[in-house]
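S.K.: Take these sequences, add in the hints, and give me the full structure.
Here is what each chain is made of, one letter per residue.
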Amino acid sequence: GESVGLHLPTLSVQEGDNSIINCAYSNSASDYFIWYKQESGKGPQFIIDIRSNMDKRQGQRVTVLLNKTVKHLSLQIAATQPGDSAVYFCAESPGANSKLTFGKGITLSVRP
Amino acid sequence: KAGVTQTPRYLIKTRGQQVTLSCSPISGHRSVSWYQQTPGQGLQFLFEYFSETQRNKGNFPGRFSGRQFSNSRSEMNVSTLELGDSALYLCASSGRQGSNYGYTFGSGTRLTVV
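Those sequence lines, one after another, are chains A and B. Residues in the first sequence are numbered from 17 upward in steps of one, following my numbering. Residues in the second sequence are numbered from 77 upward in steps of one, following my numbering.
It should be emphasised that the hints constitute simulated quantities derived from the structure, not laboratory data. Do not rely on the hints blindly, as some may be mistaken.
Heads up, incomplete: computed chain B residues facing chain A, CB under 7 Å, no partners named [unchecked claim]:
#, residue
1, L119
2, S162
3, L166
The following residues of chain A were derived to be distant from chain B, with all beta-carbon distances above 12 Å [as the list claims (entries may be wrong)]:
#, residue
4, K58
5, G75
6, V103
7, S114
8, L116
Quick caveat, the model's predicted, so the values are computed rather than measured. Idealized CB from N, CA, C, for every residue including glycine.
M.R.: Below, the structure written as structure tokens:
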């Protein structure tokens, strides 16, 4: 069936380093991809999104890369800060009005 | 403007009881989606409402139901609670034509079934 999964359950990085969080998806019909950040006690917070007609999109300190050939999505965070410590989810959808399918989540821990 | 508001924040219920959770979307948003979040299964889609109509439904048993009111506020109900229903229930709203775009989540309702 369709699934979205993450390669690693946890990621520990040094403050100031760049972080890369990876995600694999299996639905080749996926058209829309989103990264969310969830802090303890809060709901997921939108970070950045990308449509399938793009392979890269940049935001403030974040970049999302999409490789449709291997169905792989990654989130790059530049100059990781302690405030970036959270659980990160990728999500995908085949269309605007279809449900979002979320990955399991990966914990990013930033060492001071 | 105010974000997505979910009430109550915490609930403790006994097996066999029923529960109703409430979600008030961002003003002007017409799409409301519900998700169940557990450590083992992650975030799983329950259902989505748009203009008082259920537009999408996930793979949950009929004990899980929802509705949306004319003011876009939404409720979800779980009947005959089971221990496995213990989870964080999240609501998300969107005001754009495509409901996935511009999703904003509330902080959730933490349901514990004992």
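S.K.: Are the hints correct? Go through all of them and say.
M.R.: Against the structure, the hints come out as follows:
1. At a threshold of 7 Å, the smallest CB-CB gap from B/L119 to chain A is about 4 Å, leaving the interface hint in force.
2. With a cut of 7 Å, the hint placing B/S162 at the interface with chain A is violated, because the nearest CB-to-CB distance is about 17 Å.
3. This hint holds: B/L166 has a C-beta 5 Å from the nearest C-beta of chain A, less than the 7 Å allowed.
4. The Cβ of A/K58 does not lie farther than 12 Å from every Cβ of chain B; its closest approach is about 5 Å, which violates its non-interface assignment.
5. No beta-carbon of chain B comes within 12 Å of the beta-carbon of A/G75; the shortest separation is about 15 Å.
6. A Cβ of chain B approaches the Cβ of A/V103 within 12 Å, the least distance being about 10 Å, so the stated non-interface status is violated.
7. Residue-level check failed: A/S114 sits 7 Å from the nearest beta carbon of chain B, not beyond 12 Å.
8. The claim that A/L116 lies off the interface is violated: its Cβ sits roughly 6 Å from the closest Cβ of chain B, which falls inside the 12 Å cut-off.
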